[in-house]
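> Chain order of the listed sequences is A and B.
When we follow this note's numbering, the leftmost residue of the first sequence carries the number 1, and every step to the right adds one.
When we follow this note's numbering, the leftmost residue of the second sequence carries the number 1, and every step to the right adds one.
In case anyone wonders, no lab produced these hints; they're calculated from the structure.
Note that the Cβ used here is the ideal one computed from N, Cα and C, for glycine as well.
Here are a few chain B residues that face chain A, going by a calculated C-beta distance under 10 Å:
1. 40
2. 41
3. 42
4. 43
5. 45
6. 90
7. 104
8. 107
9. 110
10. 111
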Amino acid sequence: AQKITQTQPGMFVQEKEAVTLDCTYDTSDQSYGLFWYKQPSSGEMIFLIYQGSYDEQNATEGRYSLNFQKARKSTNLVISASQLGDSAMYFCAMREGGNYGGATNKLIFGTGTLLAVQP
Amino acid sequence: ETGVTQTPRHLVMGMTNKKSLKCEQHLGHNAMYWYKQSAKKPLELMFVYSLEERVENNSVPSRFSPECPNSSHLFLHLHTLQPEDSALYLCASSHLVFGVSTDTQYFGPGTRLTVL
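Only chain A is shown next, with the shape it has when bound in the complex:
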């Protein structure tokens, strides 16, 4: 079964508008971490934002915020005031467990969403 699902292969957004990228996950662990990464055409995977399963507040980091709905197992990324430089692939990832010894911090990635910001 797919652990991380990103249902939007591609998205368009107008510059200065907000956009939401969807991500749902599947896990039976109580403790897990959720990550979003940005990958421009250059290839580097850039860490954007993190949400822990026990965090009660939605994570925010500058123009990035998460709409974390634990019961629905979704963690959607919201980018406010889009900029042309935001055009890239966006990956959602999950690390299961992690709160006990022996964790290897294995990340499971989704297939990504290609975001194109239009002027």
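Position chain B relative to chain A; hints supplied.
Leaving out everything else, chain B in the frame of chain A:
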């Protein structure tokens, strides 16, 4: 140098060649990772090294051989590769702290490998 660096950025090799990919992290982390990113497939974890010991090997063919001589350096030795091994190979590092779940992985720029 800061962050995670990878060399070379691009590599073209024949199926009979032997080459190595290099990764170096300048973040003081204690864990390093190799990932493979093929077209239209999710990122796949290949190897994990924690404190210079290999702790994960995701059924990777033996033609890929990792080496971690110290906590800052990670190599991926390649020999007799196949064309389907052509992909972007990403290195990452993190600070594993058992009992804390916020150890984010930071990635390098990747090596784009083409096997002819």
